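Model the full assembly from the supplied sequences, consistent with the hints where possible.
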Amino acid sequence: AQKVTQAQTEISVVEKEDVTLDCVYETRDTTYYLFWYKQPPSGELVFLIRRNSFDEQNEISGRYSWNFQKSTSSFNFTITASQVVDSAVYFCALSGTNAGKSTFGDGTTLTVKP
Amino acid sequence: GAVVSQHPSRVICKSGTSVKIECRSLDFQATTMFWYRQFPKQSLMLMATSNEGSKATYEQGVEKDKFLINHASLTLSTLTVTSAHPEDSSFYICSAQARGGAIDTQYFGPGTRLTVL
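Quick note, the sequences are listed as chains E and G, same order.
If you read the first sequence in the numbering used here, its first letter stands for residue 1, the second for the next number, and so on.
If you read the second sequence in the numbering used here, its first letter stands for residue 1, the second for the next number, and so on.
Honestly, the hints are just simulated from the structure, not real lab data.
Errors might be hidden in some of the hints.
To be verified - So, partial list: chain G residues that the calculated Cβ filter (under 8 Å) puts toward chain E:
{"hint": "1", "residue": "F34"}
{"hint": "2", "residue": "P40"}
{"hint": "3", "residue": "L44"}
{"hint": "4", "residue": "L46"}
{"hint": "5", "residue": "S89"}
{"hint": "6", "residue": "F91"}
{"hint": "7", "residue": "I93"}
{"hint": "8", "residue": "Q97"}
Here the structure is a predicted model, which means the values were calculated and not measured.
Ideal Cβ placement from N, Cα and C applies to all residues, glycine included.
As structure tokens, this is what we get:
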């Protein structure tokens with residue numbers, strides 16, 4: 001069985017602060033995929049990143065960066081210099097070879113205050 | 001990028017009625033679509049996998065007779081909530097995988113918010 005744990009239910013920061021959202025996963029698959037999605041109040045999921053289990057290289061995209069560590073089964077997400085528009089619920093998800101059958105974490109609600 | 005639409009975006013219905021939600025892939029063919037349900041302030045839970053031309057595969061605990069799924073074409077899957085009750089009120093989200101596309105990629109629709117009175 002697969003499991004994704006996002007231990008932080010809610011995080012509140014002040015604009016321009018850096019913030020890291022944690023994600024820990026469990027799977028018996030040797031090949032798997034990890035995802036991060038953003039869900040603003042409108043409800044529509046916004047895809048942020050996809051990582052496969054064989055690629056542990058960290059990634060940076062603008063103010064976003066991801067740290068994938070298989071040794072600790074973690075896939076953490078950092079927002080640098082947070083902005084009010086970053087306020088949303090962020091989900092970490094895990095899938096085997098079929099991305100459609102994803103297991104989602106419970107989400108972390110990020111509030112960025114001006 | 002690939003676009004998936006859902007219709008309606010919001011629906012309010014009376015208890016006991018049936019509601020149909022459509023999920024369409026607008027610019028690609030989707031052999032497989034997925035239906036998720038999200039209760040307020042909770043995570044997304046996969047309900048079923050919809051394959052074009054065949055019966056849907058339901059996750060454990062999901063009543064297939066209550067949540068009817070039809071995937072009649074490569075661009076359309078429908079979810080019908082039959083005899084809806086207030087506890088079925090939720091946010092329903094579909095996703096689609098492109099035909100011949102990477103199986104590690106899925107495109108989400110904008111969701112349908114169902115309220116059963």
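Hints versus structure:
1. The interface hint given for G:F34 is met, as the beta carbon of that residue sits about 4 Å from the closest beta carbon of chain E, less than 8 Å.
2. Because the smallest distance between the Cβ of G:P40 and any Cβ of chain E comes to about 11 Å, over 8 Å, the interface hint for this residue is violated.
3. Given the 8 Å rule on beta carbons, the hint for G:L44 holds: about 5 Å separates it from the nearest Cβ of chain E.
4. Annotation: interface hint on G:L46 holds; nearest CB of chain E at approximately 6 Å, less than 8 Å.
5. Using the Cβ-Cβ criterion of 8 Å, the hint placing G:S89 at the interface with chain E is not satisfied: the shortest such distance is roughly 14 Å.
6. Checking G:F91 against chain E: minimum C-beta separation of about 6 Å stays under 8 Å; hint holds.
7. Of the supplied interface hints, the one on G:I93 holds, with its beta-carbon coming within about 7 Å of a beta-carbon of chain E, less than 8 Å.
8. The criterion of a C-beta within 8 Å of any C-beta in chain E is met by G:Q97, whose closest approach is roughly 5 Å, and the hint holds.
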